[in-house]
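Please work from the sequences and hints to get the whole structure.
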Amino acid sequence: MLQAFLVTLREGAEAALVVGIALTYLTKDRTEDRTKGRPQPSPQIRRRRSCRADDAGPNGDRKRVGPEMPERLVALTDLAIGEAGTIDYVSLPPGDQQFLMRIGFVPGAQVSFSRRAPLGDPSVYAIDGTEIALRAETASHIMVRRGWLSPLGDLP
Amino acid sequence: MTCHSTETLIASSGEVEKHPRHEIRTVALIGAPNSGKSTLFNRLTRLRQKVGNYPGVTVEQRVGLLAGRGHEIRLIDLPGVYSLTPYSDDERVAVDVLTGQMDGLPRPDAVLLVLDVTHLSRQLVLAKPVIALGLPTLVLLNMADVFAKGGGSLDVLKLAAELGAPVAMVSATQGTGLDAVDRFLRQDHDRRPSALLPVLQDLPQSRKWASQVGRRIDYQQHLPSEWSRRLDDVFLHRIWGPLIFIVVVGAVFQTVFGLGQPMSTAFQDLLTKLGQQAAPLVPDGILRSLLLDGLWKGVSSVLVFLPQILLLFLFIGLLEDSGYLARAALIADRTMRSVGLNGKAFIPLLSAYACAVPAIMATRTIENKRDRIATILVAPFMTCSARLPIYTLLIAAFIPERPVVGVLLGSRACAMLSLYVLGFVAAIATAKILKSSVLKSSAAPFVLELPEYRWPTWQSIGLRLYDRARVFLRQAGTYILGVSLLIWVLTHVPLHQGHAPQLEQSAIAYLGHGIEPVIRPLGFNWKIGVGLLTSVIAREVIVGTLGTIYGTDPATHSMTLQNALRQDLTFAGAMALLVFFAFAMQCTSTLAVVRRETNSWKWPVVQFVYMTMVAYTAAFAVNQILSTLVK
Numbered sequence: 009m010l011q012a013f014l015v016t017l018r019e020g021a022e023a024a025l026v027v028g029i030a031l032t033y034l035t036k037d038r039t040e041d042r043t044k045g046r047p048q049p050s051p052q053i054r055r056r057r058s059c060r061a062d063d064a065g066p067n068g069d070r071k072r073v074g075p076e077m078p079e080r081l082v083a084l085t086d087l088a089i090g091e092a093g094t095i096d097y098v099s100l101p102p103g104d105q106q107f108l109m110r111i112g113f114v115p116g117a118q119v120s121f122s123r124r125a126p127l128g129d130p131s132v133y134a135i136d137g138t139e140i141a142l143r144a145e146t147a148s149h150i151m152v153r154r155g156w157l158s159p160l161g162d163l164p
Numbered sequence: 017m018t019c020h021s022t023e024t025l026i027a028s029s030g031e032v033e034k035h036p037r038h039e040i041r042t043v044a045l046i047g048a049p050n051s052g053k054s055t056l057f058n059r060l061t062r063l064r065q066k067v068g069n070y071p072g073v074t075v076e077q078r079v080g081l082l083a084g085r086g087h088e089i090r091l092i093d094l095p096g097v098y099s100l101t102p103y104s105d106d107e108r109v110a111v112d113v114l115t116g117q118m119d120g121l122p123r124p125d126a127v128l129l130v131l132d133v134t135h136l137s138r139q140l141v142l143a144k145p146v147i148a149l150g151l152p153t154l155v156l157l158n159m160a161d162v163f164a165k166g167g168g169s170l171d172v173l174k175l176a177a178e179l180g181a182p183v184a185m186v187s188a189t190q191g192t193g194l195d196a197v198d199r200f201l202r203q204d205h206d207r208r209p210s211a212l213l214p215v216l217q218d219l220p221q222s223r224k225w226a227s228q229v230g231r232r233i234d235y236q237q238h239l240p241s242e243w244s245r246r247l248d249d250v251f252l253h254r255i256w257g258p259l260i261f262i263v264v265v266g267a268v269f270q271t272v273f274g275l276g277q278p279m280s281t282a283f284q285d286l287l288t289k290l291g292q293q294a295a296p297l298v299p300d301g302i303l304r305s306l307l308l309d310g311l312w313k314g315v316s317s318v319l320v321f322l323p324q325i326l327l328l329f330l331f332i333g334l335l336e337d338s339g340y341l342a343r344a345a346l347i348a349d350r351t352m353r354s355v356g357l358n359g360k361a362f363i364p365l366l367s368a369y370a371c372a373v374p375a376i377m378a379t380r381t382i383e384n385k386r387d388r389i390a391t392i393l394v395a396p397f398m399t400c401s402a403r404l405p406i407y408t409l410l411i412a413a414f415i416p417e418r419p420v421v422g423v424l425l426g427s428r429a430c431a432m433l434s435l436y437v438l439g440f441v442a443a444i445a446t447a448k449i450l451k452s453s454v455l456k457s458s459a460a461p462f463v464l465e466l467p468e469y470r471w472p473t474w475q476s477i478g479l480r481l482y483d484r485a486r487v488f489l490r491q492a493g494t495y496i497l498g499v500s501l502l503i504w505v506l507t508h509v510p511l512h513q514g515h516a517p518q519l520e521q522s523a524i525a526y527l528g529h530g531i532e533p534v535i536r537p538l539g540f541n542w543k544i545g546v547g548l549l550t551s552v553i554a555r556e557v558i559v560g561t562l563g564t565i566y567g568t569d570p571a572t573h574s575m576t577l578q579n580a581l582r583q584d585l586t587f588a589g590a591m592a593l594l595v596f597f598a599f600a601m602q603c604t605s606t607l608a609v610v611r612r613e614t615n616s617w618k619w620p621v622v623q624f625v626y627m628t629m630v631a632y633t634a635a636f637a638v639n640q641i642l643s644t645l646v647k
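Line by line, the protein sequences are chains F and S.
Every letter in the first sequence is one number past the one before it in my numbering, and letter 3, counting from 1, is 11.
Every letter in the second sequence is one number past the one before it in my numbering, and letter 82, counting from 1, is 98.
In case anyone wonders, no lab produced these hints; they're calculated from the structure.
Being a predicted model, the structure only gives us computed values, none of them experimental.
Please note that a few of the clues may not be correct.
Claimed, not checked - Some chain F residues close to chain S (C-beta under 8 Å, calculated; not the full set):
(1) Asp104
(2) Pro130
(3) Val132
Every residue gets a Cβ at the ideal spot worked out from N, C-alpha and C, and that includes glycine.
Encoded structure:
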């Protein structure tokens, strides 16, 4: 009988896990909207990003968007997957800023957005040949200058 | 297996003036987190190491022994740090040890600096302040095998000249290049103030310096293996990722719980047999009773956790060394954050379903101190296997078997399941309360490095298991021994005509009667009270104690424990007892481990008081409500 209990419990716990993760997964989009209060891309940037995705050719033709873009400084969270940027500044409390700098997020460092975690957040960024995951609450305070990675890996 | 030859290059820097001034007796090992420092430490010291805590902080201190020239050399493993600016506890400890300000440790005579050569430009930043300390330093470029395989290269001689310190390429996992360490330690060194390197506190400037050095030494970045990226495409896939995660987690849970339980039972039988075998060796009487019934029983009640602990750490070791644990934390972070914890807390909390002791030991992977303490504090609410004996006993005695959801779920299974849910809810609620009050602000943002996937090596996992087993046995064992002794004494005084008294006349029964007024509102009698007192050692002890009490009582002598309880307890009281056990911190091993892991008595005391209060209140409510309803 104890054996039966244990089996039931195990199955129960696993089922609960599956349901829990599935639920989080399904409600993902809703929770993403909730984070809108933080520094998020302005509608223009969103629009721009979408047209960039359409306009920019495989070689990343930036010039077409360039002139009508007075500020190219965006939060790290605004990069598209695969897009690279150069860190301009980090606006976090000094302690946290120091901490991020130690692991490589220093002004001038080149960073690219590798992938999102399956549940949408945190996101994985490649910096210095290392993959580091940051939550949006942190990454949204890292300001980068947009730039597509040229084949040589250097920015204009 | 050595398709690539990792050359052992010791490149000495500029002026080599040797004065046989002093021999090396103490060496510090320093490196960035994830530089493979611990693996190297294990390699160098084999199993001759001592684990403890630095005074005053929750930073683990590991000291090992190296064979030196005619004498032994102490190797101090410093915590992984990114710089020597005292920003965190870890960095403060590193600086204090290196400058000789740490109590109980002499200033090191030499330093081994471990840098991950695959991320050299980032790690070089640490080299500068360390070498600038002026201690003889050997720079070990670790992961040389991975670096060479990925096509990376650098000029070791030039790097040595840049740093003003000898440099060696090593691989801690393969064990190659380590003879450089021996040679370095055999040399005579001279403490010389190193004025070679300007120490820049400014990080961006240090980074600039590092990248300039990188250029001068012809540093060629290795190409990260395609495999890691491809595996991540699967393991972090939107759909496959969480599915694989569930399967992996389910498998770990199933094994630790399903396989660990019978292993523990078998181990317990073995220990009991050992005790019985040893019995004739000790003269019958008070001494045998003390040794076997008191100490051996108490200690073996803790030893039975060992198989589960080892199993769990085998899995954690496999997951961590292969690199999957970081991915699991990444996937779990989203869900764990909703209760205020971070993704790295997932595996410890899951393992707490088997036993809170290894779970609390597993919280070491959480770097954020506040998150770690919060995880430690909620872990014992998870329904561990030690609660099952009393749960099954009371449920079998008081809840009639009736189908609830067809044949799938009976009323008894349903009761058991609700107890699991109850513990889980308590854990989540406590985490929320803690994270929104005492342990509110995070010390640092959540940062998770995703290492490349690697095959775990048996040696590294073996060492880890050995290490954990030893820590557990020594630390938890000493407290348990004390408490077992105390309870044995309480059950054996006052002496009755030179013999141990009946349990009912013993000091512990006296105490049980003493707390009866307090537990009466919960629906418990003094016998349960004695059970509560003895089960402070471990939850399952209550079953044995109740067995003894009802067994010696003439009124219930001939009944089974189930029937005896049914006569002696009300339904409301039994349910209150179940709820009490769901919440109460009846486990000395857990308290001992919490004491060890947090390095203070504060947290175990807070935890014990809090959990007992919650348990008391909940049991009180259940008893009062049920007794009015059932009437």
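Each hint tested on the structure:
1. Asp104: holds (5 Å)
2. Pro130: At about 6 Å, which falls below the 8 Å cut-off, the nearest Cβ of chain S leaves the hint on F/Pro130 intact, so it holds.
3. Val132: holds (6 Å)
Violated hints are absent here; each numbered hint is respected by the structure.
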